[in-house]
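Undergrad: For reference, the chains in residue letters:
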Amino acid sequence: MSVIELTNIFKRYQSGEETVDALKGVDFHAERGEMVLVTGPSGSGKSTMLNMIGLLDTPTEGTVCLDGLNVTGFDEDELTEERRSSLGFVFQNFHLLPMLTAVENVELPSMWDRSVDRRDRAVELLEVVGLGDRLTHTPAQLSGGQQQRVAIARALINEPDILLADEPTGNLDQETGQTILEEMTRLKQQENIAIVAVTHDKQMEAYADRIVTLVDGVIQS
Amino acid sequence: MAWRNLGRNRVRTGLAALGIIIGVVAIVSLGMAGVALQQQATADLGSLTNEVSVSAGADSDEDGVTEEQVEEIENIITDAQVIPQKINSTEIETRSGSVYVSVTGVTNASALYDVSDGEAPDRLETGALISNSTAQELGLEVGDPVAYEGQLYRIRGLIEADDGFGGSGRGELVIPVSGLRDQQYYDSVTIITGGGDAAEATADQLEERFNVDGRDKEEELQINTFAGAQESINSFLNTLQLALLGIGSISLVVASVAILNVMLMSTIERRGEIGVLRAVGIRRSEVLRMILTEAMFLGVVGGIIGAIVSLAVGLVMFNIITGDALAVLGWASLQYLLYGFVFAVVTSVLSGVYPAWKASNDRPVEALRG
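If you read the sequences in order, they're chains D and U.
If you read the first sequence in my numbering, its first letter stands for residue 13, the second for the next number, and so on.
If you read the second sequence in my numbering, its first letter stands for residue 125, the second for the next number, and so on.
In isolation and in its complexed conformation, chain D is listed as follows:
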């Protein structure tokens, strides 16, 4: 069973008198252990599709299934729960909280949950991504590549099924980008998760198991 499946997704926006279709009949799936890239020109709807997969947005038409569970009609609180337990996010801008240390940033998604202490797992994840000696550093004390690695560790703290990445190498130089991609490949196998990444970076294509191209809201086959 696919860990994520989009079926016949439409996303329409009302702007004044016009209706804009960001996504038109999109079908998509991703399996555990594979990295799928979503590419396409600007404005093609890549981010919109990523938002659908990430349960950050709901489709106007179509269904979204997470590990067989139909989450299309879920309300905001239910979606939040799914995001918490099944998804991890990595952003182009890292989006780490500046006043927290690396370890605290990784723990963040579980911080409000008093029944659980993920400190050990957070330390472990940071060691796995090679930052075991920088646990108490704040983002200001870390390089771009290091911050992104902290972000990846954070995305994995709740043992998700899918890692979603929005231009993960966008703010990194070639070499650092490569390190990150190698990290992600290793983790995809180790944690048995699916990675769905939206990107313009040609470098990523070498690491991808599958590439999906979106143009004007339609998947190109």
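These are calculated hints, taken from the structure and not from any lab test.
In this text the structure is predicted, and so the values were computed from the model without any measurement.
Just so you know, even glycine gets a beta-carbon here, dropped at the ideal spot from N, CA and C.
Some hints here could point you the wrong way.
[What the hints assert, rightly or not] Listing some non-contacts, in silico: residues in chain D with all C-beta distances to chain U over 12 Å:
1. 30
2. 45
3. 77
4. 93
5. 129
6. 133
7. 153
8. 155
9. 183
10. 220
[What the hints assert, rightly or not] Pairwise CB distance ranges (calculated):
11. 54/D with 396/U: 18 to 28 Å
12. 485/U with 153/D: 31 to 41 Å
13. 477/U with 155/D: 34 to 44 Å
14. 36/D with 378/U: 50 to 60 Å
15. 36/D with 490/U: 20 to 30 Å
16. 378/U with 26/D: 41 to 51 Å
17. 378/U with 87/D: 36 to 46 Å
18. 481/U with 136/D: 33 to 43 Å
19. 490/U with 30/D: 41 to 51 Å
20. 364/U with 153/D: 51 to 61 Å
21. 85/D with 371/U: 48 to 58 Å
Given the coordinates of chain D, work out where chain U should sit on it, guided by the hints.
TA: Here is chain U on its own, set in the frame of chain D:
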């Protein structure tokens, strides 16, 4: 988390807290001032609350209290001293200078006056009493003569300075009532009872006898108690205190508007971050709680510092008004510290509600876009 968020912009947090501090100090010190004033007023009037003062009423035919009325009063009030007085004023001249004094003709001098030198007889038939300050001004001593209306009176005692309410600032000369025989009626009758309640009871008795005629109210005699005056004063002070507290509250309301502004600005600035929190699965209620906690901390910090400053102000105020700084620690005034603190925390949390609501309901998609 909330604590660290506040620490990110210390100046802004500090200024918002300062607003709360000022608001708390305003409310608490005004409340305490009211308490201090009330306590001091009670102390000042305390010595006079057992007196009932009777004078001619608005509907009386005479412009004074008559002998018959005095006798009736004496018949009704058997367990207190009844002291009728005739009052005039004059200028006393001696070799050292001249001074205006009020002249009181009385028989029972000891009941009304305390002397620092000499004696105050309870049947004053010869001689006079004069107030200490006047005697000093005129260079007079016990034994010296004083002239009034062609009569000479030998000073028998010096009246101690009045520490109560109602000192007219003018000196007083007390002579036998016979010295004012040209005046037909008594200007006032002072009745000295056992205490505030007895004074009230006596006043009621007299009101019933003299001022109620069947179903009409006709004021034959005007009957005053200081207890009544004290009640009026307390009531006035209470109203004054409420007004002052109202004004003080305005400053706290202003402070809470400042907090609203600070919280709003801070959440708008953090929109992206809050979006990330929501994207990684932090619930709306958890975001709401976080921001409300930030607002609460502002209130708590401001409230505590404000309470400490208010206590210091209270010590100074009580010292100035009542002379007893430590009286501020009594519950009557200490309760304002509690009110001020609670008010600060509550208004701060309330100010945080709108920003917290707005932030927690912000859709992550929109928030991350920015």
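Undergrad: For each hint, tell me whether it holds in the structure or not.
TA: Comparing the hints with the structure gives:
1. For residue 30/D, the condition that its CB be more than 12 Å from all CB atoms of chain U holds, with the nearest at approximately 20 Å.
2. In this structure residue 45/D is separated from chain U by more than 12 Å, as the shortest Cβ-Cβ distance comes to about 23 Å.
3. With a least beta-carbon separation of about 19 Å from chain U, residue 77/D lies farther than 12 Å from that chain, consistent with its non-interface assignment.
4. The claim that residue 93/D lies off the interface is violated: its Cβ sits roughly 7 Å from the closest Cβ of chain U, which falls inside the 12 Å cut-off.
5. Its beta-carbon lying about 16 Å from the closest one in chain U, residue 129/D satisfies the requirement of being farther than 12 Å from that chain.
6. Annotated as non-interface, residue 133/D keeps its C-beta farther than 12 Å from every C-beta of chain U; the closest such distance is 15 Å.
7. Under the 12 Å C-beta cut-off, the non-interface status given to residue 153/D relative to chain U holds; the minimum distance is some 16 Å.
8. Distance check on residue 155/D: its Cβ is at least 20 Å (rounded) from any Cβ of chain U, clearing the 12 Å threshold; non-interface status holds.
9. Residue 183/D, annotated as away from the interface, keeps every beta carbon of chain U farther than 12 Å; the closest lies near 14 Å.
10. Every CB of chain U is more than 12 Å from the CB of residue 220/D (nearest about 23 Å), matching its label as outside the interface.
11. For residue 54/D and residue 396/U, the hinted distance range of 18 to 28 Å is satisfied, since their beta carbons lie about 21 Å from each other.
12. Separation of residue 485/U from residue 153/D is about 34 Å and conforms to the stated range, judged on CB atoms against 31 to 41 Å.
13. The given range of 34 to 44 Å is respected by residue 477/U and residue 155/D, whose C-beta atoms sit roughly 40 Å from each other.
14. Between residue 36/D and residue 378/U the beta carbons are some 54 Å apart, a value that agrees with the proposed interval 50 to 60 Å.
15. Distance hint check for residue 36/D and residue 490/U: the Cβ-Cβ separation is about 23 Å, which falls inside the suggested range of 20 to 30 Å.
16. A beta carbon spacing of about 42 Å between residue 378/U and residue 26/D agrees with the range 41 to 51 Å that was offered as a hint.
17. For residue 378/U paired with residue 87/D, a C-beta distance near 39 Å keeps the hint of 36 to 46 Å intact.
18. Taking the beta carbon of each, residue 481/U and residue 136/D are about 37 Å apart, inside 33 to 43 Å as hinted.
19. Checked against the given bound of 41 to 51 Å, the beta carbons of residue 490/U and residue 30/D, roughly 20 Å apart, lie outside it.
20. Between residue 364/U and residue 153/D the Cβ separation comes to about 59 Å, which falls inside the hinted range of 51 to 61 Å.
21. Between residue 85/D and residue 371/U the beta carbon distance is about 55 Å. The supplied range of 48 to 58 Å therefore holds.
In this structure, the hints that do not hold are numbers 4 and 19, in rising order.
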